[in-house]
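Number of protein chains: 4
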Amino acid sequence: MNKRSFASDNNAGVHPIIMKSLNDCNQGHVVGYGDDPYTQSAIATFKNIFTNKAEPFFVYGGTGANVLAVGSMCRPFESVICTQTAHINVDECGAPERFSGAKLVDIPSPDGKLTPKMIRPYLHGFDFEHHSQPKAISISQPTEMGTLYAIDELKALREIADEFNLYLHMDGARISNAAVALDKNFKEFTLDCGIDVLSFGGNKNGMMFGEALLFFNEKLSQNFKYVRKQAMQLHSKMRFISAQFDTFIKTDIWKKNAEHSNKMAQILLNKIKNLPGIQVTQKVETNAIFVRIPHEIISKVQEEYFFYVWDESKSEVRWMTSFDTTEEDIENFVKTIKKHIK
Amino acid sequence: MNKRSFASDNNAGVHPIIMKSLNDCNQGHVVGYGDDPYTQSAIATFKNIFTNKAEPFFVYGGTGANVLAVGSMCRPFESVICTQTAHINVDECGAPERFSGAKLVDIPSPDGKLTPKMIRPYLHGFDFEHHSQPKAISISQPTEMGTLYAIDELKALREIADEFNLYLHMDGARISNAAVALDKNFKEFTLDCGIDVLSFGGNKNGMMFGEALLFFNEKLSQNFKYVRKQAMQLHSKMRFISAQFDTFIKTDIWKKNAEHSNKMAQILLNKIKNLPGIQVTQKVETNAIFVRIPHEIISKVQEEYFFYVWDESKSEVRWMTSFDTTEEDIENFVKTIKKHIK
Amino acid sequence: MNKRSFASDNNAGVHPIIMKSLNDCNQGHVVGYGDDPYTQSAIATFKNIFTNKAEPFFVYGGTGANVLAVGSMCRPFESVICTQTAHINVDECGAPERFSGAKLVDIPSPDGKLTPKMIRPYLHGFDFEHHSQPKAISISQPTEMGTLYAIDELKALREIADEFNLYLHMDGARISNAAVALDKNFKEFTLDCGIDVLSFGGNKNGMMFGEALLFFNEKLSQNFKYVRKQAMQLHSKMRFISAQFDTFIKTDIWKKNAEHSNKMAQILLNKIKNLPGIQVTQKVETNAIFVRIPHEIISKVQEEYFFYVWDESKSEVRWMTSFDTTEEDIENFVKTIKKHIK
Amino acid sequence: MNKRSFASDNNAGVHPIIMKSLNDCNQGHVVGYGDDPYTQSAIATFKNIFTNKAEPFFVYGGTGANVLAVGSMCRPFESVICTQTAHINVDECGAPERFSGAKLVDIPSPDGKLTPKMIRPYLHGFDFEHHSQPKAISISQPTEMGTLYAIDELKALREIADEFNLYLHMDGARISNAAVALDKNFKEFTLDCGIDVLSFGGNKNGMMFGEALLFFNEKLSQNFKYVRKQAMQLHSKMRFISAQFDTFIKTDIWKKNAEHSNKMAQILLNKIKNLPGIQVTQKVETNAIFVRIPHEIISKVQEEYFFYVWDESKSEVRWMTSFDTTEEDIENFVKTIKKHIK
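Residue numbers (the working numbering), protein chains in the order written: chain F, 150 to 491; chain A, 150 to 491; chain Z, 150 to 491; chain U, 150 to 491.
Be careful, since some hints might not be right.
All copies of an identical chain are treated as equivalent in the list; a pair is satisfied when it fits inside any one copy or across any two copies.
As the list claims (entries may be wrong) - Derived DSS-like pairs: lysine-lysine, alpha-carbon spacing no greater than 30 Å straight-line: (1) K152 to K422; (2) K304 to K333; (3) K449 to K420; (4) K463 to K284.
Source of the hints: derived by calculation from the structure; they are not laboratory data. The structure presented is a predicted model; accordingly, all values stated were derived computationally and were not measured.
Take these sequences, add in the hints, and give me the full structure.
Encoded structure:
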């Protein structure tokens with residue numbers, strides 16, 4: 150068996166209950182491209198959570214979901230406001246711009262969050278044809294820094310979005326971790342806070358492939374079926390995405406897994422925060438830990454555990470826990486760190 | 150269990166051996182995005198078939214593979230020659246044009262095949278800046294009409310491609326069916342015939358998701374890793390595509406499945422070809438059967454078996470057999486047809 | 150002085166009255182990008198012809214106008230129906246596809262015209278996400294073959310467009326020639342026939358640069374100012390386009406020039422139609438003449454007069470008359486032809 | 150006659166010598182699209198300045214030139230580094246991203262200039278497929294803030310470009326103003342400093358329309374003729390752009406005009422810099438003046454003279470002088486300012 154690392158929650162495999170759902174739905178023939186009972190069931194499950202205001206669509210992955218969200222909100226002459234660290238800004242190889250033709254306006258943010266005050270100075274040039282027209286705000290919940298927007302903070306973003314007639318997108322690649330950390334159901338911090346379109350991820354929390362894109366604004370979902378197909382994001386054997394999501398939600402495996410990975414992050418945090426030379430740089434609210442560690446030990450620890458250096462210049466690294474991280478994994482990892490840190 | 154239909158080979162599920170490979174690779178953590186042992190193994194397996202001239206990349210699906218093939222061959226001011234019935238021309242919602250910016254030049258072809266003679270009249274306007282510059286030929290093997298290119302016919306296409314400095318792409322969504330029908334190994338009718346880039350499908354022959362894009366021309370594969378990511382076709386948990394392909398090929402399940410579905414097509418053909426009012430419109434060389442049937446029975450049969458009408462004006466329909474089609478399925482299907490036909 | 154040829158009406162220069170308008174408007178400062186009195190006047194002039202239903206915008210050239218028309222009518226997952234010989238299909242290097250992301254569906258047409266009967270078989274696949282959705286018809290008036298749509302023929306196209314909810318675009322690169330040939334005012338064969346968007350050209354009839362794009366459907370013109378800017382088609386010193394158009398129309402120079410070039414085409418036609426070995430292949434309704442001529446004389450005549458070979462395989466060439474063609478030019482040209490034809 | 154303003158140098162008209170060149174070249178027929186003697190002459194004129202290493206192409210305007218420069222340097226998965234105030238970043242409505250598919254990485258810069266030190270932190274993520282790959286630096290000379298790069302500063306940018314294998318683009322929309330201010334010939338601060346591609350503008354210095362794009366790197370100019378056509382930037386009656394440029398350079402009108410507008414800026418500067426409540430915010434090195442003025446007088450002065458507010462929050466405005474600005478214009482303008490300022 151491969152060693153469990155702290156590089157990313159997508160280095161983990163598939164939860165056994167999800168794997169079982171794949172085996173279970175592998176029965177006989179169903180019509181392709183989503184016109185099948187498994188997909189109907191998964192859609193109903195999502196509508197059950199989010200009411201009929203939600204229009205769920207399944208795509209292949211997180212980049213696909215985010216990019217198609219941007220493309221649904223913005224025409225090519227419009228722009229999306231996001232943080233400099235946003236996944237859409239730095240981890241999708243320019244896919245949002247290429248696919249939508251729209252511009253990303255990226256704002257520096259130390260904790261990965263946006264506030265109305267940070268956004269307001271960028272909201273100008275309306276009606277001026279030389280300027281990409283601001284049309285959307287995209288946030289991540291939890292953020293790429295592992296931090297969380299509180300309900301009030303989300304509502305404040307909705308207010309400024311309303312003031313300037315902007316759409317609001319949430320990248321929920323790790324939405325389960327946010328839900329359990331906030332102790333809210335999914336709807337309370339998305340639809341109820343005025344989110345227009347939500348990338349709902351499961352892949353980093355025990356699924357194999359597939360991502361849901363949920364529209365809460367009917368203006369945005371019309372024609373989306375064509376957009377998805379043209380964007381190479383329509384799976385032929387759709388049941389194998391749908392069945393995973395249906396199970397993910399109905400069995401509460403999303404919750405159990407997220408609670409676990411969040412808890413493991415706290416355990417890891419407690420074990421390393423007082424180590425000499427280590428400085429925690431972000432609030433640990435979900436399953437990510439950002440720390441500055443002595444530069445000389447980075448490569449040494451990486452020999453045993455692969456993980457990403459976040460900011461070379463600051464000797465800052467990112468560690469993530471997963472649904473399958475064990476306390477023993479943490480023990481061993483911390484032992485390795487300590488060995489090199491002395 | 151859902152009834153097995155004759156609508157498409159992608160209405161079938163996943164072959165048990167492939168499903169087992171997914172279960173088997175679900176062990177612990179591995180690095181994401183393809184830097185894992187399963188992917189290394191699958192790449193080696195493909196190189197074993199195609200020699201080191203092949204550079205294999207895994208993407209999410211067939212449209213992704215085809216579109217990225219077009220995008221790799223053509224700059225936006227160039228064009229691809231294909232048939233009017235080509236999947237890239239009629240079944241991908243304009244994705245090739247949108248993604249690559251290039252033009253599709255589609256040629257009418259009764260049997261889904263291209264010949265040098267059909268192509269030559271379209272090869273003009275070189276060096277004339279008002280004209281999209283012809284840069285590639287894209288063919289399907291087997292074609293969308295279920296027909297096959299013989300080795301000689303492929304080599305003739307390579308010759309005209311050389312004459313005009315064109316790339317040659319093969320859409321092998323059902324390449325296994327072609328291989329067994331031709332009784333050739335994969336390399337003999339691809340790389341050995343001068344194909345530059347190959348979409349290698351498994352999804353319609355028992356896999357769950359994923360498609361391989363194989364470059365046999367190193368000019369085309371440089372930088373492809375960025376293209377794949379920007380095109381939203383890079384899977385994070387790559388091992389779950391790689392393990393399927395590795396098993397698909399190593400166990401010869403590709404062969405067993407394709408032999409079976411081709412054979413089932415012959416059995417179905419023999420049972421229906423002499424029925425009154427039925428006219429077979431294409432040579433049945435793989436697992437597709439095209440037939441004109443009495444117009445009034447189409448919807449009646451569709452009540453029991455979903456399938457696609459190919460050409461409404463001609464009352465022409467398409468029936469496809471799958472790796473899991475049984476002789477009993479055929480019996481029952483033919484019984485239904487006969488019931489309505491008399 | 151350079152010899153006047155029969156290659157294209159854009160090989161001619163600028164009519165003196167247009168040149169004078171450029172000199173006249175070159176007075177002091179005006180605000181850039183169209184917020185100037187010359188542009189206001191030109192817009193009013195167009196609205197005077199077409200009523201307030203028209204929203205005119207000025208762009209740099211004909212390709213810009215056509216491509217932005219396509220981009221205004223179609224989202225990337227939609228398609229435009231046109232003839233195989235349409236300028237947008239063969240003379241714009243794939244610009245419509247690249248810019249709009251939409252698909253061109255090109256129909257063979259011997260005389261460059263479309264009829265509802267020709268279009269109908271292509272109007273299928275609606276609501277089917279695998280298929281680019283038909284959304285517009287684009288015609289040229291006069292066509293690239295120099296032929297004309299009669300009023301009735303245009304209305305018939307509007308009917309089928311209405312039946313399938315399609316937009317109707319007219320490429321009027323040589324619209325003046327059409328107007329005088331039809332003996333109709335501009336509005337009668339555009340807005341009154343249900344055209345939604347019109348490329349109104351002047352460049353081939355005595356102007357220096359600039360093309361007007363006229364929207365007769367307010368759904369299409371909203372946001373166009375951003376589209377024009379992003380498409381690199383917004384001129385800073387706009388007055389120099391506007392003043393030309395204002396003069397072009399107000400002085401009836403458009404009419405005088407077009408009457409002249411059409412008349413010259415008839416004179417040329419009459420002088421060559423009975424020459425041995427020459428066969429006129431299209432009705433000469435405007436200022437273009439298509440003829441098959443003996444293959445061996447093509448290059449000989451081209452030594453003295455540059456012109457385009459239309460179809461090499463048929464030895465078919467195109468000759469065009471211009472606003473400045475003289476009867477003497479024709480005499481000399483015919484003399485050259487005769488010299489070689491003997 | 151319209152009052153001459155200080156809004157932008159493109160609010161001026163066309164210099165009489167340029168206008169004469171347009172009249173002069175309006176003689177008879179020439180082949181379209183650039184295959185004419187005027188264009189050959191203009192190309193030779195540019196090669197005379199820049200040597201045969203230069204490949205000049207003419208396009209319609211400055212946005213076209215800049216966007217096509219970006220598109221020539223970058224594939225869609227690559228990125229261009231520029232300042233936040235760069236014209237390509239804020240004044241082209243997202244055209245560079247839309248056309249090229251590439252990402253703009255914009256860096257804050259108080260004076261509109263980039264230095265290697267500012268750029269270096271953004272040069273990371275090479276070979277990492279999740280990250281747009283840095284491929285070019287784009288600078289403006291003079292900058293949008295009217296400031297200038299010294300020769301040494303340009304060479305330092307070339308050095309870091311070489312270190313990271315980047316192309317270097319210069320937006321020379323006001324290149325004449327730079328040349329006279331630096332007292333260098335065009336080649337010395339472009340080709341000799343390692344610029345790969347140059348947008349050479351004339352429109353803001355007395356021309357009517359057209360911009361030159363000069364490639365000094367043959368890798369970038371191959372196939373550019375197709376790119377230009379597909380980008381809707383190929384003028385049919387090309388001689389009317391070429392003749393302007395040929396005259397612009399040969400007659401030294403570029404120099405005379407730029408010397409004049411730069412000088413007028415100094416005169417205006419001297420008259421306003423000590424006025425109460427006025428603060429000059431940028432070095433005045435060419436023909437732009439940036440000043441903070443009392444907020445309450447902005448709209449009052451604008452009633453008589455249109456100009457742009459640069460930064461509302463700082464009450465900062467931009468005034469530009471033109472080739473046709475007179476000392477009397479300045480007198481009157483300053484009088485108006487003084488009237489409101491007291």
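Worksheet item: Any of the earlier hints contradicted here, and which numbers?
Response: Checked against the structure, no hint fails, so every one of them is satisfied.
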